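Trainee: Sequence:
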Amino acid sequence: MLSSSSQKISLSIAKKILMGFERHYQNIKSASIEAKRCFEEREWEKIERDSKLRLNFYDEQVNDFCKKLSLELKKQALYGAKAEFNESQNSNKFNSDFWKNTKNIYTELITSHKQPELAETFYNSFFCRIFSRNFYNNQFIFTKPCVSLNYIDMDEPVIDSYFVDNDQLTSTFTSILRNYGFKCEFGNFDQDIERLQEQLYKQVPRLRSEVFEMQFISTPFIRGKCAYIVGKIVTQLHSDIPVLIALLNDKEKGLYVDSLLTDVGAISIVFSFSRSYFFITTDYPSAIVEYLKELLPGKTRAVLYSAIGLHKQGKTLLYRHFLKYSKITSEKLIIAPGIKGMVMSVFTFPMYPYVFKVINDKFAPPKMGTKDMVKDRYYFVKNHVRIGRLADTWEFSNVAFPLKDIDDALLQELKNKASSNIEIEDDLLIIKHMYIENKMTPLNMYLETANKKQQNHIINDYGKAIDELINSNIFPGDMLTKNFGVTRQNRVVFYDYDEITLMSTPVFKKIPKAQTYEQEMASEPWYFVGQNDVFPEEFRYFMLPNPYMKEVFNKKYKKLLDADYWVSIQEKIKDYGVMDYYPYGSEKRMCEIYKEK
Numbered sequence: 033m034l035s036s037s038s039q040k041i042s043l044s045i046a047k048k049i050l051m052g053f054e055r056h057y058q059n060i061k062s063a064s065i066e067a068k069r070c071f072e073e074r075e076w077e078k079i080e081r082d083s084k085l086r087l088n089f090y091d092e093q094v095n096d097f098c099k100k101l102s103l104e105l106k107k108q109a110l111y112g113a114k115a116e117f118n119e120s121q122n123s124n125k126f127n128s129d130f131w132k133n134t135k136n137i138y139t140e141l142i143t144s145h146k147q148p149e150l151a152e153t154f155y156n157s158f159f160c161r162i163f164s165r166n167f168y169n170n171q172f173i174f175t176k177p178c179v180s181l182n183y184i185d186m187d188e189p190v191i192d193s194y195f196v197d198n199d200q201l202t203s204t205f206t207s208i209l210r211n212y213g214f215k216c217e218f219g220n221f222d223q224d225i226e227r228l229q230e231q232l233y234k235q236v237p238r239l240r241s242e243v244f245e246m247q248f249i250s251t252p253f254i255r256g257k258c259a260y261i262v263g264k265i266v267t268q269l270h271s272d273i274p275v276l277i278a279l280l281n282d283k284e285k286g287l288y289v290d291s292l293l294t295d296v297g298a299i300s301i302v303f304s305f306s307r308s309y310f311f312i313t314t315d316y317p318s319a320i321v322e323y324l325k326e327l328l329p330g331k332t333r334a335v336l337y338s339a340i341g342l343h344k345q346g347k348t349l350l351y352r353h354f355l356k357y358s359k360i361t362s363e364k365l366i367i368a369p370g371i372k373g374m375v376m377s378v379f380t381f382p383m384y385p386y387v388f389k390v391i392n393d394k395f396a397p398p399k400m401g402t403k404d405m406v407k408d409r410y411y412f413v414k415n416h417v418r419i420g421r422l423a424d425t426w427e428f429s430n431v432a433f434p435l436k437d438i439d440d441a442l443l444q445e446l447k448n449k450a451s452s453n454i455e456i457e458d459d460l461l462i463i464k465h466m467y468i469e470n471k472m473t474p475l476n477m478y479l480e481t482a483n484k485k486q487q488n489h490i491i492n493d494y495g496k497a498i499d500e501l502i503n504s505n506i507f508p509g510d511m512l513t514k515n516f517g518v519t520r521q522n523r524v525v526f527y528d529y530d531e532i533t534l535m536s537t538p539v540f541k542k543i544p545k546a547q548t549y550e551q552e553m554a555s556e557p558w559y560f561v562g563q564n565d566v567f568p569e570e571f572r573y574f575m576l577p578n579p580y581m582k583e584v585f586n587k588k589y590k591k592l593l594d595a596d597y598w599v600s601i602q603e604k605i606k607d608y609g610v611m612d613y614y615p616y617g618s619e620k621r622m623c624e625i626y627k628e629k
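Take any residue in the sequence shown, note its place counting from 1, add 32, and you have its number in the working numbering.
It is worth saying that the hints were derived from the structure and are not from the lab.
For clarity, every value in this text was computed on a predicted model and none was experimentally measured.
We treat Cβ as the ideally placed atom computed from N, Cα and C, and that holds for glycine.
Any given hint might turn out to be false.
[As the list claims (entries may be wrong)] With a Cα cut of at most 30 Å, we get these calculated BS3-like pairs of lysine-lysine:
id : residue 1 : residue 2
1  : Lys215    : Lys106
2  : Lys132    : Lys496
3  : Lys84     : Lys588
4  : Lys132    : Lys414
5  : Lys132    : Lys100
6  : Lys356    : Lys372
7  : Lys591    : Lys496
8  : Lys588    : Lys496
9  : Lys484    : Lys447
10 : Lys485    : Lys78
11 : Lys399    : Lys325
12 : Lys132    : Lys146
[Unchecked claim] Estimated spans, in silico, between C-beta atoms of each pair:
id : residue 1 : residue 2 : range
13 : Glu457    : Pro369    : 41 to 47 Å
14 : Lys590    : Ser429    : 25 to 31 Å
15 : Lys100    : Glu569    : 25 to 31 Å
16 : Gln444    : Glu363    : 16 to 22 Å
17 : Ser536    : Asn182    : 30 to 36 Å
18 : Lys485    : Glu73     : 43 to 49 Å
19 : Asp594    : Phe195    : 22 to 28 Å
20 : Tyr597    : Lys627    : 45 to 51 Å
21 : Lys47     : Asp185    : 43 to 49 Å
22 : Asp594    : Gly330    : 25 to 31 Å
23 : Lys47     : Leu355    : 27 to 33 Å
24 : Asn415    : Lys372    : 27 to 33 Å
25 : Gly330    : Leu355    : 19 to 25 Å
26 : Glu73     : Asp393    : 38 to 44 Å
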């Protein structure tokens with residue numbers, strides 16, 4: 033039983049942690065409000081810069097808060113604070129009763145909070161930075177959620193609803209677009225409304241004769257140069273129809289509607305794990321995520337929280353899902369199918385939708401580099417504008433796996449290749465650092481079992497993926513098919529980052545013509561090859577395994593085998609910047625549909 037003075041200190045600490053979280057979330061909201069202003073003012077560079085800053089936002093604020101609070105805890109040695117922030121914990125000083133009580137008080141404080149799930153995660157982050165993993169269990173942190181999200185008392189609804197009857201669609205679309213309060217003028221508002229109505233009836237013809245309701249999330253989703261309005265159509269006799277309206281803001285054309293999507297697959301791609309995160313402004317992120325989950329049932333809540341800029345919450349849900357899955361499955365963790373990587377060891381449960389990636393201690397030739405270089409590359413990808421061709425990752429430290437769940441071959445592999453990154457404590461394998469990534473089918477494996485029609489589609493998307501990456505200022509480096517994956521939407525995504533760099537780094541060259549018979553027959557290059565020299569002509573030898581696949585690739589993407597094309601992309605980026613990419617096909621853009629010049 034804690035003394036009354038200890039109770040007061042416990043309450044004080046719980047309140048301070050909650051205040052720290054609330055300051056953090058207010059900063060998130062402020063950044064989202066600023067993103068909307070930047071969209072309205074066409075300050076594209078600032079949106080990109082703020083998107084990168086936001087990635088480190090959480091950790092920076094939590095670290096700053098922990099340093100301040102740890103000074104106060106240091107005075108209370110009885111309660112087990114570390115002598116210095118992030119130092120090794122002396123477990124003998126840990127007062128379990130005090131910290132159980134602090135967690136219980138904190139739970140009471142957030143019971144009626146607007147973001148209780150995020151507040152729990154913030155508490156976990158504080159605790160895990162202050163104390164060692166000996167105490168990472170549900171007595172002291174929120175390994176399981178304690179506050180239900182079903183009964184949050186919302187002051188304002190997150191959804192705006194519009195009833196459509198008797199040719200009211202024009203006025204309804206007018207209200208929808210006006211209600212978002214964009215402080216920039218539509219270039220041709222009447223035309224946008226007319227096109228929205230025409231395209232909606234074209235995509236869903238039965239709506240012409242039905243009474244229906246349109247629901248839209250009350251905050252726009254801002255990302256890059258685009259603002260998205262997301263919702264659904266509810267009818268009495270049919271399933272709900274997801275709806276997404278894409279808005280662009282051009283200096284010449286003003287604000288305008290660029291696309292209308294009503295296909296769940298197309299909208300799912302907009303929310304793909306291979307794209308950068310949105311800015312949204314809301315007090316009720318859990319309500320937004322649940323609504324999106326209804327629209328996009330194939331997306332996990334972890335992916336959706338990450339998509340709306342709450343990456344840390346996505347990470348929390350992912351870890352909870354892993355804990356739950358590992359308890360109920362009879363599967364063993366195994367080496368992931370496919371060609372083993374030279375830089376990383378990859379493993380998974382056979383039916384689990386994610387893979388675990390661990391950096392090896394040494395890299396197999398010809399790979400060169402260090403662990404820190406690989407981490408830098410993953411950080412680089414996280415900070416780059418991802419246009420749907422780079423897989424998202426979650427970074428974890430000190431993850432415990434029960435040894436009974438690990439296949440013998442995998443355990444031996446980790447001991448052989450990543451021994452410095454693992455520890456065995458009793459019946460647990462502790463991995464000190466790793467990444468978790470969405471599981472995809474390796475492209476080389478997909479091609480082995482695909483029929484001709486599937487091969488044609490995916491080979492062309494492979495070429496398109498490389499072309500889009502380089503036009504977005506990304507040189508993938510190692511473009512072997514084993515380094516690309518195929519998603520559920522049959523899109524090709526790159527996921528091997530150890531050689532990735534900006535397009536300004538490589539020097540693209542043509543192979544010089546041999547002048548002598550000896551040069552022509554030489555097994556090694558007879559010409560000088562600099563450290564950053566790249567010869568695109570050589571790609572033909574390793575990109576695809578057989579003549580038929582090479583022929584399919586060459587029909588549309590033979591340009592990728594020409595050094596002049598790569599140099600032209602470098603020059604275009606240097607002169608004009610990165611070209612714009614939209615997460616929907618050009619055939620879905622209004623300018624294409626209506627043949628605008």
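Trainee: Now, for every hint given, state plainly whether the structure supports it.
Mentor: Quick rundown of the hints versus the structure:
1. Lys215 / Lys106: 50 Å, violated
2. Lys132 / Lys496: 54 Å, violated
3. Lys84 / Lys588: 34 Å, violated
4. Lys132 / Lys414: Given pair Lys132, Lys414 is violated - Cα atoms ~36 Å apart, limit 30 Å.
5. Lys132 / Lys100: Judged against 30 Å, a Cα distance of about 22 Å means the pair holds.
6. Lys356 / Lys372: 28 Å, holds
7. Lys591 / Lys496: Since the Cα atoms of Lys591 and Lys496 sit roughly 11 Å apart, the hinted pair holds (cutoff 30 Å).
8. Lys588 / Lys496: 9 Å, holds
9. Lys484 / Lys447: It is violated: about 41 Å lies between the C-alpha atoms, which goes past 30 Å.
10. Lys485 / Lys78: 43 Å, violated
11. Lys399 / Lys325: 41 Å, violated
12. Lys132 / Lys146: Holds, at roughly 23 Å.
13. Glu457 / Pro369: 41 to 47 Å: 29 Å, violated
14. Lys590 / Ser429: 25 to 31 Å: 45 Å, violated
15. Lys100 / Glu569: 25 to 31 Å: Once the Cβ atoms are compared, 58 Å apart, the range 25 to 31 Å for Glu569 and Lys100 is violated.
16. Gln444 / Glu363: 16 to 22 Å: Given about 18 Å between the Cβ atoms, the range holds.
17. Ser536 / Asn182: 30 to 36 Å: With Cβ atoms ~51 Å apart, the hint is violated.
18. Lys485 / Glu73: 43 to 49 Å: For Lys485 and Glu73 the Cβ distance comes to about 47 Å; the hint holds.
19. Asp594 / Phe195: 22 to 28 Å: 57 Å, violated
20. Tyr597 / Lys627: 45 to 51 Å: 28 Å, violated
21. Lys47 / Asp185: 43 to 49 Å: 21 Å, violated
22. Asp594 / Gly330: 25 to 31 Å: At roughly 38 Å between Cβ atoms, Gly330 and Asp594 fall outside 25 to 31 Å, so the hint is violated.
23. Lys47 / Leu355: 27 to 33 Å: 29 Å, holds
24. Asn415 / Lys372: 27 to 33 Å: 28 Å, holds
25. Gly330 / Leu355: 19 to 25 Å: For Leu355 against Gly330, whose Cβ atoms are near 22 Å apart, the range 19 to 25 Å holds.
26. Glu73 / Asp393: 38 to 44 Å: 49 Å, violated
Against the hints set out earlier in the document, violations occur for numbers 1, 2, 3, 4, 9, 10, 11, 13, 14, 15, 17, 19, 20, 21, 22 and 26.
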